[in-house]
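Protein sequences, first through last, are from chains A and B. If you're matching positions, the first sequence starts at 1 in my numbering and goes up one per residue. If you're matching positions, the second sequence starts at 1 in my numbering and goes up one per residue.
A hint or two may mislead.
What the hints assert, rightly or not - Only pairs whose alpha carbons sit at most 30 Å apart, straight line, appear in this in silico BS3-like list of lysine-lysine:
#, chain 1, residue 1, chain 2, residue 2
1, B, Lys49, B, Lys2
2, A, Lys81, B, Lys49
3, A, Lys275, B, Lys3
4, B, Lys2, A, Lys275
5, B, Lys49, B, Lys3
6, A, Lys81, B, Lys3
7, A, Lys275, A, Lys81
8, A, Lys20, A, Lys153
9, A, Lys81, B, Lys2
10, A, Lys275, A, Lys152
11, A, Lys153, A, Lys27
12, A, Lys20, B, Lys49
Stated by the list, open to error - Residues from chain B that face chain A, not an exhaustive set, calculated with beta carbons under 7 Å:
#, residue
13, Arg4
14, Phe8
15, Glu9
16, Val12
17, Leu21
18, Val24
19, Gly27
20, Val34
21, Met41
22, Gln53
23, Thr54
24, Ala55
Claimed, not checked - Here are the in silico distance ranges between beta carbons for each label pair:
#, chain 1, residue 1, chain 2, residue 2, range
25, B, Leu19, A, Leu73, 31 to 37 Å
26, B, Val24, A, Ala177, 45 to 51 Å
27, A, Gly55, B, Phe45, 43 to 49 Å
Hints in this document: simulated from the structure, not taken from any laboratory. As the structure is a computational prediction, the values presented were derived from the model and not from experiment. For glycine and all other residues, C-beta sits at the position ideal for the given N, C-alpha and C.
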Amino acid sequence: MQLDVVVGFFLLGMVAQLLKAPIKMPKGLYESLTLFLLIAIGLKGGVALNSHASGDLLIQAAAIIGFGLVLPLIAFPILYKMGGLSRIDSASVAAHYGSVSVATFAVAMTVVEANGIEYEPYFPLFVALLEVPAIAVGLWLARDRNQELDLKKAAHEIFLNQGVLLLVGGLLIGWWAGARTDSLMPFFSSLFHGVLALFLLEMGRIASSQLGVLRNFGSFIASFGVLMPLVGAGLGALLAHALELSTGGVILLATLGSSASYIAVPAAMVVALPKANQSLSITASLAITFPFNVLVGIPLYSVLVGHWS
Amino acid sequence: MKKRAFAFEMAVSFVLMALGLVLVQLGLPGYGLVVVAAILMGLSFVTRKWVAQTANVKVAAPKRGNH
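Here chain A stands alone, though its shape is the one from the complex:
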């Protein structure tokens, strides 16, 4: 299986940054591309939900939430016991790895579709469901009896941050409107790959610029940023198999399990755990795990799932 063409733009962004060649995106374009991807993925999943909603979906959704609760519990002891990170930093990084990356999911969805592999079209629902539980577990792991947590403010950031809001909002609009979204689809569907390519160009640049920060945190976080995706992918694939998902569904759930959040969780953690080292989590998820998944992980999961299914 070859790398998808959009990954080429990610590599271009990385190489350009490493060579210090200027690729200057207009201010605000990166944020606009993020908004587009969140709404497009939510809308697509919502339209699928409109015609696929069933009792089985509830069981699958419950299992997915359970998956989101388990992942940070696996990540935390590795960071705390093996890496010697503080309790708050370990909990914060664990929350990032329990949650998911919409951009990684978009790349996996593109790869699956490009190879003509079928998947459950309501998968964006699982993306939305996996965004939140890990944040709650992260806050529980970081709990300090001497420190009061502003629950109202934290809950606001957990459930109403931009990532969750747009993804869930898109899902609900797509579910409610169904086929009436056809008038929007020339924009949100036809332009999806082009927008993803532009987004990945900027992501490659950002990921590459974060690599220097590794010197501050040492190589432990790099090893963790590669091991945890493989553990998450393995568990995700096993869960998808147990839920009797399609081949594409197994690849996508493995990808979701392997991805780490860098939009929704950081926004929540800044408010809920202000003492946590945010750049540690961002470096791990953005500079290590995201490139690993895009360049090595997704092609590998696709081939392995295809080989054994």
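Fit chain B to the supplied structure of chain A, relying on the hints for placement.
Leaving out everything else, chain B in the frame of chain A:
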């Protein structure tokens, strides 16, 4: 704790290397894992050397000030 972190890094590198080589033996694309394992192993040694050098420079600085 530093020894434990180093042991973890080495274990991850070796597991990735072994996994990658097994996949290659099976005719599957495991080269990516082998390359990543090599990069991680190199990073483990390079960053420790860099930290040790930085620490030496910091220790040497006050001595110069005493003269």
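Evaluation of the provided hints:
1. B:Lys49 / B:Lys2: holds, 13 Å
2. A:Lys81 / B:Lys49: holds, 23 Å
3. A:Lys275 / B:Lys3: Answer holds: lysine 275 of chain A to lysine 3 of chain B is near 26 Å, not above 30 Å.
4. B:Lys2 / A:Lys275: holds, 23 Å
5. B:Lys49 / B:Lys3: holds, 14 Å
6. A:Lys81 / B:Lys3: holds, 12 Å
7. A:Lys275 / A:Lys81: holds, 20 Å
8. A:Lys20 / A:Lys153: violated, 40 Å
9. A:Lys81 / B:Lys2: holds, 11 Å
10. A:Lys275 / A:Lys152: holds, 18 Å
11. A:Lys153 / A:Lys27: The given pair, whose Cα atoms are some 29 Å apart, holds under the 30 Å limit.
12. A:Lys20 / B:Lys49: Holds - the C-alpha atoms of lysine 49 of chain B and lysine 20 of chain A are around 26 Å apart, at most 30 Å.
13. Arg4: holds, 6 Å
14. Phe8: Result: holds, 4 Å to nearest chain A Cβ.
15. Glu9: Holds: closest Cβ of chain A sits about 4 Å from glutamate 9 of chain B, inside 7 Å.
16. Val12: holds, 4 Å
17. Leu21: violated, 14 Å
18. Val24: With Cβ-Cβ at 12 Å, over 7 Å, it is violated.
19. Gly27: violated, 9 Å
20. Val34: violated, 10 Å
21. Met41: violated, 9 Å
22. Gln53: At about 11 Å, which exceeds the 7 Å cut-off, the nearest Cβ of chain A leaves the hint on glutamine 53 of chain B violated.
23. Thr54: Since the shortest Cβ distance to chain A is 9 Å, the answer is violated.
24. Ala55: violated, 13 Å
25. B:Leu19 / A:Leu73: 31 to 37 Å: This hint is violated: roughly 24 Å between Cβ atoms.
26. B:Val24 / A:Ala177: 45 to 51 Å: With a Cβ separation near 49 Å, valine 24 of chain B and alanine 177 of chain A satisfy 45 to 51 Å, so the hint holds.
27. A:Gly55 / B:Phe45: 43 to 49 Å: violated, 55 Å
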